[in-house]
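*Asks:* Use these hints to put chain B onto chain A, whose structure you have.
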Amino acid sequence: MTQPTTPISRRSILRTGAGAALAVPFAGSLLTSCSIKSSNAAPANKAVTVTSYGGSYNDQLTKTILKPFEKKTGIRSTLLANTSLAALKTQVQSGDVQWDLVELTAPEYVQAVKEGLLEKFDYGIISDKGLPSYAKAEYGIKYLSFLFVMAWDQKHIPDAQAPKNWAQFFDQGRYPTKRSVYGQLSDSSVLEAARLAEGVPFDKIYPLDVDAALRYLAQHPGRDKLIYHTANQEPVQQLTSGEVTLSTSFNNRINAARKDGARLNFTSSNAVLAGDYFVVPKGARNKEAAFRLMNFMSNDADAGADFDQTTNLTLANTPALAKLPAAVADTLPTSPKMADSILVRDDTWWAENLKATEQRFKLWQAGS
Amino acid sequence: MAGGKLTMPLAAAAPVQACATPRGRAFRVRGAWLLLLAPIAAFDAILFLTPLGTLVSSSTHNQAYERVLGDPLVIRSLINTLEISAVSTLVTIVIGYLLAWVIWRSSALMRVVLFALVLLPFWTGVLVKNFAWAVLLQDNGLVNGALQGLGLTDHPLTLLHNRFAVVLGMVHYLLPYAVFPIFAALAAIDNRLELAARSLGAGELSVFRRVILPLTVPGVSAAGLLVFIISTGFFITPVVLGGPGDMMIANQIDFYAMELTDFAGASALALALTAIVSVLVAVYQRILRAGGTHEVG
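Sequence lines, in order, name chains A and B.
So in the working numbering, spot 21 of the first sequence is number 21, and the numbers just go up one at a time.
Heads up: take any position in the second sequence, counting from 1, add 1000, and you land on the working numbering.
Here chain A stands alone, though its shape is the one from the complex (with noise of 0.2 Å):
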């Protein structure tokens, strides 16, 4: 009469992350000889699987980028919304790769680099002309960046009581409600905020005192004051269901959701700027279109000034930046206007410590 085969199984194989992850190189194998045949009679590169965030920045992302690009090249783009190291492991690990262009942040780029999982960018392919020299990499392309801004619903909050630093966000007495923020450290620096909030400056937040930020967040706003969110669109739902009032989030996902008729607003001052970069896997299928549509986000001009426009984020392509009207121009992350109200996020301190650090995290978290 019961059926009690599925949950058992469908759990503790298929939904564990290791289940997934071991499942998928046996899968790989049986595939690899069909996959590697396919890829030698079809060498025209025609379509390229891009793998992003999801939520309103995929929307974005095909709007200005991989329609425009599609229209130009005729090579048409997947956009998936499952971005991860830990998948990208496998994939190249299995020699199943699915993925073409992968958005990784800057952290994992470095790991990913150590262990040998990435194609080396070609550019004779990318014509480095427009990109900024932050941005090029012999792996991949740091191609955006974003600010870790701090978020809250206009409807509780006004405008005017709104939070002007980290202080004033996690101060508990001027907001006796819970905060959202970040639960893992990949791309996000509610570290920094703690660290910030204590009134440590810019210059001094690197090396990061990770058992200071911890004590700071356990005294201000305090573990029950704190829920987290793992995916970049959660906040935007949260803050918008009323679930929490302020959360961290990110400058272009409360701007998608301002524009969307959201009542959510956020401030630059205090915000950390960081940076995504595009990586493509160790054997790619369709890499050599990878590698065109990067050429075309970093050159294209009136791709590339939609992109900043619409998103308000930075892409890696001056001849964009110069398209742009100056009040779009100022409220970019990497506007000279805002550059000393910003953090610059230190991924070399990040590279070397993010795996350590975020063990040290995920246990405070659980209390100790």
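Think of the hints as simulated: they come from the structure by calculation, not from any bench.
Each hint should be verified, as a subset may be incorrect.
[Said to hold, decoys possible] In the SDA-like style, the derived pairs of lysine to any residue whose C-alpha atoms are separated by at most 25 Å in a straight line are:
id : chain 1 : residue 1 : chain 2 : residue 2
1  : A       : 225       : A       : 173
2  : A       : 225       : B       : 1136
3  : A       : 114       : B       : 1162
4  : A       : 142       : A       : 155
5  : A       : 89        : B       : 1049
6  : A       : 259       : A       : 173
7  : A       : 89        : B       : 1272
8  : A       : 142       : A       : 367
9  : A       : 259       : A       : 348
10 : A       : 225       : B       : 1162
11 : A       : 89        : B       : 1056
12 : A       : 89        : B       : 1147
13 : A       : 355       : B       : 1066
14 : A       : 282       : B       : 1260
15 : A       : 63        : A       : 45
16 : A       : 155       : B       : 1143
17 : A       : 155       : B       : 1147
Note that the structure is predicted; figures quoted are calculated from it, not measured.
*Replies:* Same frame as chain A, but now just chain B:
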């Protein structure tokens, strides 16, 4: 098809040899039947044993066991898993027993209705159920709204992202797994036993305590163990309804694989979980067998 053809000539030839070696005949027929299992065995080998082998070999790299078992976060998740599973099992069994009892005592029509009510959530995805609870339990959700509307509290209670919410979500999922075995145990009771007890002067409570309850103990133990085994593998519910202090072992495996990209560590943890569950399954089957003889006797 092939198996069927193969059995026929064996069976036909058997009588000739049967007189000489009766044991040989039995052996041959049984051997032929085993061939029928070949597709399943192949399926199992490809889809279960091979990945399991990969898991085992992966777990031996980089001193995975040492690292994982020395990680305070893992110890904490193991303790969490045992605690949460034990509490969820206890609550599920108590509520499940009551439900099974009510269904057992109901008229035929009412039984259909009640079974439908138990089955409906059983067929609903766990993710849907969990998010429904998240919506109900949040600070400005329906439950807190009702509590404040009734004047029972003047500020929202923290009902979400804690142990309470996890257990609630799990019990909701697990209930059918307890109701059916317990109902089966109740339905197997000869109702003349109750009549006999009453004729000897036993009251309602006494009948339950001295007749019904002992007879359903095997059913309850089987249900309890089944529910506990399922509980140990929960992954989504602690993520959606729990706080960071409610991480279970499956979440820890996810953290090792996805965040730390430490596949060796994740494999070691997955095998540890598999070992624990395997022991429990073995115990479960013993109880089922014991339960079977009990009902017959």
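*Asks:* Please verify whether residue 89/A and residue 1049/B have alpha carbons no more than 25 Å apart.
*Replies:* 23 Å, holds
*Asks:* Taking 25 Å as the top limit, are the C-alpha atoms of residue 89/A and residue 1056/B close enough?
*Replies:* 19 Å, holds
*Asks:* Can you confirm whether the C-alpha distance between residue 225/A and residue 1162/B stays at or below 25 Å?
*Replies:* Given that 25 Å is the threshold and the Cα spacing comes to 12 Å, the pair holds.
*Asks:* Taken at face value, is the distance from the CA of residue 1147/B to the CA of residue 155/A at most 25 Å?
*Replies:* 23 Å, holds
*Asks:* Compare the distance between the alpha carbons of residue 155/A and residue 1143/B with 25 Å, and conclude whether the hinted pair is satisfied.
*Replies:* 22 Å, holds
*Asks:* Under the criterion that the straight-line Cα-Cα distance not exceed 25 Å, is the pair residue 142/A, residue 155/A satisfied?
*Replies:* 36 Å, violated
*Asks:* Going straight from one Cα to the other, do residue 63/A and residue 45/A come out at no more than 25 Å?
*Replies:* Satisfied, since the Cα-Cα distance of roughly 21 Å is no more than 25 Å.
*Asks:* Within 25 Å, alpha carbon to alpha carbon, are residue 225/A and residue 1136/B?
*Replies:* Between residue 225/A and residue 1136/B the Cα gap is close to 19 Å, so the pair holds against 25 Å.
*Asks:* Below or equal to 25 Å on CA atoms is what counts here, so check residue 89/A against residue 1272/B.
*Replies:* The hint holds at about 23 Å.
*Asks:* Between the alpha carbons of residue 142/A and residue 367/A, is the straight-line distance 25 Å or under?
*Replies:* 36 Å, violated
*Asks:* Sort out whether residue 1162/B lies within 25 Å of residue 114/A, counting only the CA atoms.
*Replies:* 39 Å, violated
*Asks:* Is residue 259/A close enough to residue 348/A, meaning Cα to Cα at most 25 Å?
*Replies:* Outside the cut-off at roughly 35 Å; violated.
The structure fails hints 3, 4, 6, 8, 9 and 12 (numbered hints given earlier, in ascending order).
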